[in-house]
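Q: These are the residues of each chain, in order.
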Amino acid sequence: MTVVGNRTQAEANRSLQPVALVDLLDRVLGAGVVISGDLTISLAGVDLVQIRLHALISSVRAEMVPHDD
Amino acid sequence: MADTGYYFYAISRGLDPDVLNTEVGIEQAALQLVKHQDLGAVVSHVSLQDFGEEGLRRNLEDLAWLESVAVTHDRVARFCAERATTAPLRMATVFLSEDAVREQLAQWYDRAEEVLNRIEGRSEWSVKAYADPAAPAETGGDEPPETMGEGMAYLLRRRTEAQRRESTAQADAEAAQAIHDLLSNHAVAGRQLRPQDRQLTGHTGEMILNGTYLVDQGRVDEFLDTVAALRSEHPGVRVEHGGPWPPYSFATLEPE
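Order-wise, the sequence lines are chains A and B.
Position one of the first sequence corresponds to residue 372 (my numbering), numbered consecutively onward.
Position one of the second sequence corresponds to residue 10 (my numbering), numbered consecutively onward.
The following block holds chain A by itself, in its conformation from the complex (with noise of 0.2 Å):
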């Protein structure tokens, strides 16, 4: 069993393939133990969630992208 890539190198080029970045962030916001309580500065609702996915939609369309408007 291998782990793929050398995340130590992705992690200081910011280099991962769209792909597997998404494939990651749909595991790191999406799933894993959510928390709630007094104690927590910020996190894990699922709105707060959505709201960053869909600001990072924005953001990589921007880049990625043309705009006909």
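Just so you know, these hints were derived from the structure itself, not from any lab.
Check each hint, because a few of them may be wrong.
One side of the interface only, derived from the structure: several residues of chain B facing chain A at Cβ under 8 Å [stated by the list, open to error]: (1) Glu76; (2) Met100; (3) Ser135; (4) Thr210; (5) Gly211; (6) Leu239; (7) Ser241.
FRET-style restraints, in silico, Cβ to Cβ [what the hints assert, rightly or not]: (8) Val390/A with Ala162/B: 39 to 47 Å; (9) Glu129/B with Val390/A: 26 to 34 Å; (10) Val390/A with Glu112/B: 17 to 25 Å; (11) Arg111/B with Val390/A: 17 to 25 Å; (12) Thr156/B with Val390/A: 49 to 57 Å; (13) Val390/A with Met157/B: 44 to 52 Å; (14) Ser106/B with Val390/A: 34 to 42 Å; (15) Glu170/B with Val390/A: 44 to 52 Å; (16) Arg168/B with Val390/A: 32 to 40 Å; (17) Val390/A with Glu91/B: 17 to 25 Å; (18) Glu242/B with Val390/A: 17 to 25 Å; (19) Gly245/B with Val390/A: 19 to 27 Å; (20) Val390/A with Thr31/B: 27 to 35 Å.
All residues carry an ideal CB built from backbone N, CA and C; glycine is no exception.
Since chain A is already given, all that's left is putting chain B on it; use the hints.
A: The following block gives chain B in isolation, referenced to the frame of chain A:
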């Protein structure tokens, strides 16, 4: 240290705190283990300027920042998962003090043990399936007779196209469900995530399945053989797999 928070990466069971000296967290900060009985919270110090509520909202809009934190979070989670049974937390979970981390760990103890029992000796694998839009599930359809008037022929053509689209969508959904059911039989558990946004990934074809599976270490080969067999069983469907991941999608502790 009012300006410092504790970024909480994961809960590990039986992790040797000394091994954390050989890895670092966000901004190269030292990793620490906050213990409660046999459980440990893997944390590092972060600046509340960046990871406080206001800072997070600002930074999450920044793709490079998001990617860098996500990759570091994953690196630390993998590091721990390779050495001990580990439930990763959702990215960007921050506490104000070490005591708050420990209290949360104590409060979660029973449920955390259940989750860790479920994921012990298992890893997460992703399988995505794409339908090729150029290969409709069903070909053919009635050609309008030549004697038919143009308006009528147009309507008939429109209806045939709509029916073809519908039957293709249904065939895609059935193929996706069949693939998911089959893979779930070779896994401990399976989940369907939302299909990914094409504008984000740049993928071609229609993503009909974004599945993720919890697989026993001893059954990984069997699982991957099943994925390979799917490729010949569904020639019109492209199947991609990835892994192993720390079991993010199967480590959920819901708040009470």
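Q: Hints first: check each against the structure and report whether it holds.
A: Status of the hints after comparison with the structure:
1. Glu76: holds (5 Å)
2. Met100: With a closest approach of 4 Å, the Met100/B hint holds.
3. Ser135: holds (6 Å)
4. Thr210: Cβ of Thr210/B sits 5 Å from chain A, so the hint holds.
5. Gly211: Given a least distance of 6 Å, the restraint on Gly211/B holds.
6. Leu239: violated (19 Å)
7. Ser241: Ser241/B check fails; min Cβ-Cβ to chain A is 23 Å, beyond 8 Å.
8. Val390/A with Ala162/B: 39 to 47 Å: Since Val390/A and Ala162/B have Cβ atoms about 43 Å apart, the given range 39 to 47 Å holds.
9. Glu129/B with Val390/A: 26 to 34 Å: The hint (26 to 34 Å, Cβ to Cβ) holds, given that Glu129/B and Val390/A are roughly 29 Å apart.
10. Val390/A with Glu112/B: 17 to 25 Å: violated (39 Å)
11. Arg111/B with Val390/A: 17 to 25 Å: Since Arg111/B and Val390/A have Cβ atoms about 38 Å apart, the given range 17 to 25 Å is violated.
12. Thr156/B with Val390/A: 49 to 57 Å: holds (51 Å)
13. Val390/A with Met157/B: 44 to 52 Å: holds (47 Å)
14. Ser106/B with Val390/A: 34 to 42 Å: At 38 Å between Cβs, range holds.
15. Glu170/B with Val390/A: 44 to 52 Å: Violated: the Cβ-Cβ distance is about 31 Å, outside 44 to 52 Å.
16. Arg168/B with Val390/A: 32 to 40 Å: holds (37 Å)
17. Val390/A with Glu91/B: 17 to 25 Å: At roughly 24 Å between Cβ atoms, Glu91/B and Val390/A fall inside 17 to 25 Å, so the hint holds.
18. Glu242/B with Val390/A: 17 to 25 Å: Taking Cβ atoms as reference, Glu242/B and Val390/A lie about 24 Å apart, which means the hint holds.
19. Gly245/B with Val390/A: 19 to 27 Å: holds (21 Å)
20. Val390/A with Thr31/B: 27 to 35 Å: Check passed, 30 Å falls within 27 to 35 Å.
In summary, the numbered hints that this structure violates are 6, 7, 10, 11, 15.
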